[in-house]
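Asker: Build out the structure end to end from the sequences listed, making use of the hints.
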Amino acid sequence: MDNQKQNSTLVTRREFLRGAAAVGGAAVASVMLAACGAQPTTAPAGNTPGAVIPGPTSAPAVIKPKSGGKLTWALNNDPVNLIPFGAISTSNQWGKEFMYDSLVEWDKDLNVKPALAESWTTPDDKTWVWNLRKGVKFHDGTEVTAEDVKYSIDLQRTPPPPGIVIAQYPAATLASVDVVDKYTVKFTMKSADPTVLGYLAWARYSAIIPKGAYDKMNLVTTGIGTGPFKLVEYVANDRVVYTRNKDFWKPGLPYLDDLVLKVLPDENSAVAALRSGAIDGCRVTADTARNLKNDPNIVILKGLFSAPRQLQFTIKGDGKPWNKKQVRQAMSKAINRQEIIDKVYAGEAVLTGPIPPGYGDWFIKAEELAASFYKYDVDGAKKLMADAGFANGFEITLYAISQPVEYTQIAEVVKEQLKKIGIEVKVVSEEIGPFAKRNGDGTFDFCSTGRGMRHDPTGYINEYGRPTTGSAAIWFNKGEGWKNDEAIKLYDQCVVELDSVKRHQQVRRIQEIALDEFPHITTVQPYGFHAIRKTVKDMFVDFTDFHRGLRTAWLDPAG
Amino acid sequence: MLGKKLRTQDSALSTHMAEASLSQPASFAERPRISLRTRLARLPRQNPIGMIGFVVILIVVFVAIFAPVIAPYTPTSQAAKRLLEPSAQYWLGTDELGRDVFSRIVFGSRISLQVGIIAVSLALALGGTLGVLSGYIGGPFDWLVMRVVDIMFAFPGLVLAIVIAGLLGPSIQNAMLAIGIIYAPVFARVTRGVVLSVRNEVYLEAARVVGGKDLHIIRHYILPNIMPSVIVLTTLQMSTAILTEAALSFLGLGTQPPDPSWGTMLSNGRKFMEFAPWVAVFPGLAIVIAVLGFNFLGDGLRDALDPRLKE
Amino acid sequence: MSKYILRRLILIIPTLLVMSFIIFWMVRAMPADIVDALVGVDPSITPEAKAALRHSFGLDDPIPVQYLRWVTEALQGDLGKSFRTREPITKSLVASLPITLELAFLAIVMSVIVAVPLGVLSAVKRNSNVDFWARAGGLIGLAFPNFWLATMFLLITSLAFHWVPPVIWIPPDKDLVGNLIQMFLPALALSVQLMAVEMRMARASMLEVLRQDYIRTARAKGLREGVVVFKHALKNAFIPVITVIGIQMGSLLGGSVIIEQIFGLPGVGWFLLSGIFGRDYPVVQVTALFLATVFIVVNLLVDITYAYLDPRIKYS
Chain P
0 MDNQKQNSTL VTRREFLRGA AAVGGAAVAS VMLAACGAQP TTAPAGNTPG
50 AVIPGPTSAP AVIKPKSGGK LTWALNNDPV NLIPFGAIST SNQWGKEFMY
100 DSLVEWDKDL NVKPALAESW TTPDDKTWVW NLRKGVKFHD GTEVTAEDVK
150 YSIDLQRTPP PPGIVIAQYP AATLASVDVV DKYTVKFTMK SADPTVLGYL
200 AWARYSAIIP KGAYDKMNLV TTGIGTGPFK LVEYVANDRV VYTRNKDFWK
250 PGLPYLDDLV LKVLPDENSA VAALRSGAID GCRVTADTAR NLKNDPNIVI
300 LKGLFSAPRQ LQFTIKGDGK PWNKKQVRQA MSKAINRQEI IDKVYAGEAV
350 LTGPIPPGYG DWFIKAEELA ASFYKYDVDG AKKLMADAGF ANGFEITLYA
400 ISQPVEYTQI AEVVKEQLKK IGIEVKVVSE EIGPFAKRNG DGTFDFCSTG
450 RGMRHDPTGY INEYGRPTTG SAAIWFNKGE GWKNDEAIKL YDQCVVELDS
500 VKRHQQVRRI QEIALDEFPH ITTVQPYGFH AIRKTVKDMF VDFTDFHRGL
550 RTAWLDPAG
Chain W
0 MLGKKLRTQD SALSTHMAEA SLSQPASFAE RPRISLRTRL ARLPRQNPIG
50 MIGFVVILIV VFVAIFAPVI APYTPTSQAA KRLLEPSAQY WLGTDELGRD
100 VFSRIVFGSR ISLQVGIIAV SLALALGGTL GVLSGYIGGP FDWLVMRVVD
150 IMFAFPGLVL AIVIAGLLGP SIQNAMLAIG IIYAPVFARV TRGVVLSVRN
200 EVYLEAARVV GGKDLHIIRH YILPNIMPSV IVLTTLQMST AILTEAALSF
250 LGLGTQPPDP SWGTMLSNGR KFMEFAPWVA VFPGLAIVIA VLGFNFLGDG
300 LRDALDPRLK E
Chain L
0 MSKYILRRLI LIIPTLLVMS FIIFWMVRAM PADIVDALVG VDPSITPEAK
50 AALRHSFGLD DPIPVQYLRW VTEALQGDLG KSFRTREPIT KSLVASLPIT
100 LELAFLAIVM SVIVAVPLGV LSAVKRNSNV DFWARAGGLI GLAFPNFWLA
150 TMFLLITSLA FHWVPPVIWI PPDKDLVGNL IQMFLPALAL SVQLMAVEMR
200 MARASMLEVL RQDYIRTARA KGLREGVVVF KHALKNAFIP VITVIGIQMG
250 SLLGGSVIIE QIFGLPGVGW FLLSGIFGRD YPVVQVTALF LATVFIVVNL
300 LVDITYAYLD PRIKYS
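Protein chains in written order, with numbering that gives the first Met the number 0: chain P, 0 to 558; chain W, 0 to 310; chain L, 0 to 315.
Don't read these hints as lab results, they were simulated from the structure.
One or more of the hints may lead you astray.
Said to hold, decoys possible - Covered stretches of chain L, going by a simulated chain W footprint (3 or more residues, C-beta under 8 angstroms):
#1 101-113
#2 126-139
#3 160-173
#4 262-275
#5 278-290
Claimed, not checked - Derived DSS-like pairs: lysine-lysine, alpha-carbon spacing no greater than 30 angstroms straight-line:
#6 P/Lys425 to W/Lys80
#7 W/Lys212 to P/Lys381
#8 P/Lys364 to W/Lys80
#9 L/Lys80 to P/Lys215
#10 P/Lys533 to P/Lys245
#11 P/Lys189 to L/Lys49
#12 W/Lys80 to P/Lys382
#13 P/Lys149 to L/Lys49
#14 P/Lys189 to P/Lys125
#15 L/Lys234 to L/Lys2
#16 P/Lys69 to P/Lys149
#17 P/Lys292 to W/Lys80
#18 P/Lys301 to W/Lys212
#19 P/Lys315 to L/Lys49
#20 P/Lys324 to P/Lys477
#21 L/Lys220 to L/Lys124
#22 P/Lys149 to P/Lys125
#23 P/Lys374 to W/Lys80
#24 P/Lys488 to P/Lys315
#25 P/Lys414 to P/Lys425
#26 P/Lys477 to L/Lys2
#27 P/Lys419 to W/Lys80
#28 P/Lys477 to P/Lys425
#29 P/Lys210 to L/Lys80
#30 P/Lys181 to P/Lys245
#31 P/Lys418 to P/Lys482
#32 L/Lys90 to P/Lys215
#33 P/Lys69 to L/Lys173
#34 P/Lys249 to P/Lys533
#35 P/Lys501 to P/Lys482
#36 P/Lys112 to P/Lys210
#37 P/Lys364 to P/Lys215
#38 P/Lys418 to W/Lys212
#39 P/Lys210 to L/Lys49
#40 P/Lys315 to P/Lys301
Even for Gly, the Cβ is constructed at its ideal location relative to N, Cα and C.
Answerer: Below you can see the structure in the form of structure tokens.
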């Protein structure tokens, strides 16, 4: 059957992944192209391979992965629900990611790889034809067909509650999803859209579920997909239990028999549990990672993940000091980002612009940021303040998310730093609900927040390119408080630009504008750390901030 | 009718409450006529535990008042390196943002005392007034007040604290308000219980016969009688308030950063226990000492003020 | 007596009605709702999309309408579904309540076992060294925030014995021994404060009882001290301890959330807290009312026990 072919492809792929740590990111992609021959050369890939900063991960396994065993992973945040479609927070994805797949997927380094679609073609800029992998089964044993894909992609446009319409869905460009035959689906676009692949590959909102699943079950606490693990039970505030999907479409995978996700919000408890073997791995902060380094039973994994931190203004044209560009520039100059790195993150963070380091090759490198955009210069800042007419400073309230404490700690550090140029900052830390509301309603002057993963580079810069829509319209008073015509023009181009080189230039220029005008002050990007028992193999810190490593992780009882 | 019956039951319940915090139900009628002042003055000799508590609280108050003089650094200054060990320069080391732990503990005493004093005063003012009036006036008023107190009692305190923090914004003032409201019913029940027990005593009847005004009776006959219970309860509740603030800090609902609160310092410092224990241990010690101080004092006062515990 | 109990039970109804109204209003008066909490900080989501989701929860109806709807449904026996999980709240309560109740029960048992004998001893040997250290010990126990105790327990057992209680809850009906082993540390952390309070109560009431006429009489009759203490006094010493339990029940049920989070036990405190933070109004309403009911019933039981133990107390 077809299995033979798939097998060989996959073996190549797996062998390849194993060696990936040693090979550069660029080489990865070219080998992959040759290996599976699925990726069309004209693919308007959202993320071309690039100079990914390879974070140290677990040593590449030299021995053959073993099957079996149960792995317990502690989550520091409760997956609030498991809904496949609609807006969710990252921790929800942690709960559901193992049961779902999409048409394509990202590999570790964000290269787009075939998943439920074995291959695809783009006969013209406005058509995508997806050839589904044959014989893939949902967890209930039914086969995945084009009907399921159509049902899923269509439903993602307006997800049933508690799902919420998301901006990442290509709603404006996707005209229709059509079933060509049992294993072929066609997307007809109104116009070219370079973000479609990223949307699908991220898999956060684009799972493929059986047709009619929403009518048959409560997808908030249960679920059915094609992923490597089947859901056994979901207990709110407690655990998500998975068992191996024997019919997973990647033969031989997953290695684990059982996967338990246990909610343990307190880092101290998680570390105690890890030490005692009650759990096999968890996220830790940099300080804890350093402390655990010497434990012979524990391995520390380090890697970048998408979480650029930023200080956000509302600029409403109401005469407040920070409506003036010089004031915002002065504040950026007076903020010593290295001190934030050293104190809040124990030295384990890097400078970031709007797009975080590690996101393909779309970001501005830390060295360049340090040299050109983020010079710490208190005297220069004072001069700018004086030029703007605020030599004596002003008062401003800085709201911060209370948990995790890092946002509040950044605010505390910034408060001390801005004191030097006469700005008196009042810090108010709030739980996430009120903070989110404040952020969405624009009822703040200044806040300490962060951005997560995005499906496309434009996701990190849309507030600069579209200051008149969504939340940005509220923050910038529909563009009356702040807008930049060049950024708007470039953004309009880059959301439809299929030429990767041109697109890079546009995205880069918008970032430069943001780093000159500072409608928001971008700061640093922390490293992520996992602490795992040494028996856990092939786990990695996932750039998407999920735990995709658990899909392929395995246990070596020998350690 | 109904009111009267219910009041009788309540009096039993209130007596439990009084006992719970005081262990002194029943009457003060037989109390020897020794003034409060005299009994307080006898405290040191008779009651070493109470005396230790008194001295500890005195020290905490002293530190709080003279914090700017005692603290070598500004409590919010991040001038030092992070997580420095205790040394001659930084006596209790520095925290993760490079702030002097000693200076933060010194200034933190202000917050802990404020929480203790203001929250409990609020509870006392609110609950005490309700309790005295309720016990004194009796009738439907008493019934109604006690039903309100029942509701407040049964209301999960955590919900109240979080809702208040949500409604008014998280801040130390609002945490105090929340703690004050949560503690108010205890004061209401205890004071009411004591008032009920003295209300009908002979000398009160006498006062009434002579035509004393209500306010006069309350001031001269009721208040002196409830003072011992209230003093002891207040002292003990102050210690609980400090612990409650720490618990709220653990949940992120206490003091706003960067103000130093012992609870927040302890909660956030826990993660450095293994390699920089000073960040958590010293604020923890400060909490233990202050709470212990109030408890020792309260315990001592109870022995001193409760005449029935005399041999 | 039975009339009294009946009246107290009837009184629960208006109490709960008033509470339900207060809670209903309060949770809605908090800033942000479930939509804000679900969405988090995501600038790409439009206000229209949020409004649509709000509508699906019925949150755009006037509050009195929402309240009437909820009360009507509750009176028909439908306590409602969680906004978050879309599952009946009773189901989650049935799952989470036993954990917290067991925790509270074990904490009470542990505290009584230690506190009552110590308090009695302290009273009998008043002003001795035993008394001083028992009292000081009790007070010191009272002085530690319980999250600190819990953290230290875990730190010590994990470093010294490479052991912590299992992180997934073991129901007692499945494995009683495993369950008790798992619950020991959390219950201990919760019981320390209780212990201190009960120790003081036991000591104080014992002191009082020892002074009383019938004990004096017994002593005068020449009964040996030990017999006197145990036969007559011990029963009375338990009375305030039971009262403390009644009062502490509230903080044991709602306040155990910190212990639950640290030990990863999905109890009712955590359920309530996550309901509050997630603005899951139905969950907060029902859980808070339910905890209040438990509190009221426990206190009623305490009063009945009190009357049983102390014949002087008569309920009309």
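Asker: Looking back at the hints listed earlier, which ones does the structure fail to meet?
Answerer: The structure conflicts with hints 1, 3, 7, 16, 18, 26, 37, 38, 40, although it agrees with all the remaining ones.
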